[in-house]
Amino acid sequence: MITLTDFMVVSAMLFCIGLYMIVSKHNAIQILIGIELILNAAILNLVAFGKYDKVNNSGQIFALFAIVLAAATTAVALAIVLNVYRRYKTIDPDKLTNLKD
Amino acid sequence: MSLVRILFYFLSFIAIASALYAAASKNLVRSIFVFFVTLFALAGLYVLALADFVAVTQVVIYVGGILVLILFAFMLSGKETLNVIQQPNSKLFSVKKLPAILLASLFFIVLLNVVLKADVDNLSWVKDSVNLKNEITPNAIMIDNIGVNLMTRYLLPFEAISILLLMALVGAAHLSRKQVKA
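So the sequence lines, in the order shown, correspond to chains A and B.
Going by our numbering, the first sequence wraps up at 101, each residue one higher than the last.
Going by our numbering, the second sequence wraps up at 182, each residue one higher than the last.
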């Protein structure tokens with residue numbers, strides 16, 4: 001049987017890989033992928049603990065909510081990335097040093 | 001070692017290895033496509049955690065929606081994003097990446113310590129739920145229960161999320177439209 005600790009170790013690894021991507025990448029889209037990895041690590045934990053709640057299904061339902069919210073986040077973030085590219089011709093967050101005016 | 005356990009190790013190995021590759025790769029396109037594999041492997045892990053509906057949603061929304069969206073943004077943002085490939089830098093670990101690697105690995109050690117010290121398998125409510133037969137068993141069908149719960153107990157968060165999705169949709173469309181010259 002798979003224990004809860006196994007799931008938590010896997011999700012901790014995914015979380016740290018996502019953290020590494022967010023800190024080190026010079027590309028807004030890859031940073032976004034790192035954020036998605038972190039969200040997926042959280043969802044894996046929710047689902048693993050949700051196994052012990054048969055009546056209310058709280059873990060699984062909030063995992064569904066988290067997936068839907070991740071979709072909304074990505075849509076807005078990518079719209080921002082497109083706008084940034086249009087204005088600066090780059091999507092490296094280190095090079096975005098100016099505001100609008 | 002049961003078959004489920006072997007499958008769990010196999011899927012988690014695929015998920016972590018492909019995530020590591022996506023993190024290490026300098027090529028954005030490769031990074032995106034390997035992220036596909038990570039998401040599929042994670043959907044498999046959700047199935048092993050007996051959450052088949054969440055796994056299906058993961059495949060539909062993440063793989064079908066988010067990744068296509070990321071690919072679109074990548075294609076629309078032109079060849080500037082590919083510039084990284086041209087720079088010849090064959091070293092796997094450069095000195096500039098060292099702080100990030102250090103941060104991630106140290107944080108992983110902290111998380112691992114927390115997980116092992118927390119001893120989640122012996123939590124009181126987990127034991128209670130096993131004793132009270134409140135645990136999801138592999139032959140239980142949970143989808144109808146999820147539907148009923150979504151429309152009764154979790155109706156308020158459900159509606160809040162529907163409003164938020166509408167706002168995000170309108171906001172994304174507004175942000176990404178062409179600027180009209182006034």
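Just to be clear, a hint being listed does not mean it is correct.
[What the hints assert, rightly or not] Per the computed footprint, the stretches of chain B lying under chain A, defined by three or more beta-carbons under 8 Å from a beta-carbon of chain A, are: (1) 16 to 30; (2) 33 to 46; (3) 58 to 66; (4) 71 to 77; (5) 97 to 106; (6) 136 to 150; (7) 162 to 168.
[Said to hold, decoys possible] Below, in silico cross-link-like pairs of lysine-lysine (DSSO-like), each with a Cα-Cα straight-line distance of 30 Å or less: (8) B:Lys-133 with A:Lys-100; (9) B:Lys-178 with A:Lys-54; (10) A:Lys-89 with A:Lys-100; (11) B:Lys-127 with A:Lys-95.
Derived from the structure by calculation, the hints contain no laboratory data.
The model shown is predicted, which means the values in this text are computed figures rather than measured ones.
Where a beta carbon is used, it is the ideal one built from N, C-alpha and C, also for glycine.
Quick rundown of the hints versus the structure:
no.: 1; hint: 16 to 30; verdict: holds (count 6)
no.: 2; hint: 33 to 46; verdict: holds (count 6)
no.: 3; hint: 58 to 66; verdict: holds (count 5)
no.: 4; hint: 71 to 77; verdict: holds (count 5)
no.: 5; hint: 97 to 106; verdict: holds (count 7)
no.: 6; hint: 136 to 150; verdict: holds (count 7)
no.: 7; hint: 162 to 168; verdict: holds (count 3)
no.: 8; hint: B:Lys-133 with A:Lys-100; verdict: violated, 59 Å
no.: 9; hint: B:Lys-178 with A:Lys-54; verdict: violated, 49 Å
no.: 10; hint: A:Lys-89 with A:Lys-100; verdict: holds, 14 Å
no.: 11; hint: B:Lys-127 with A:Lys-95; verdict: violated, 52 Å
Comparing the model with each numbered hint stated earlier shows that hints 8, 9 and 11 do not hold.
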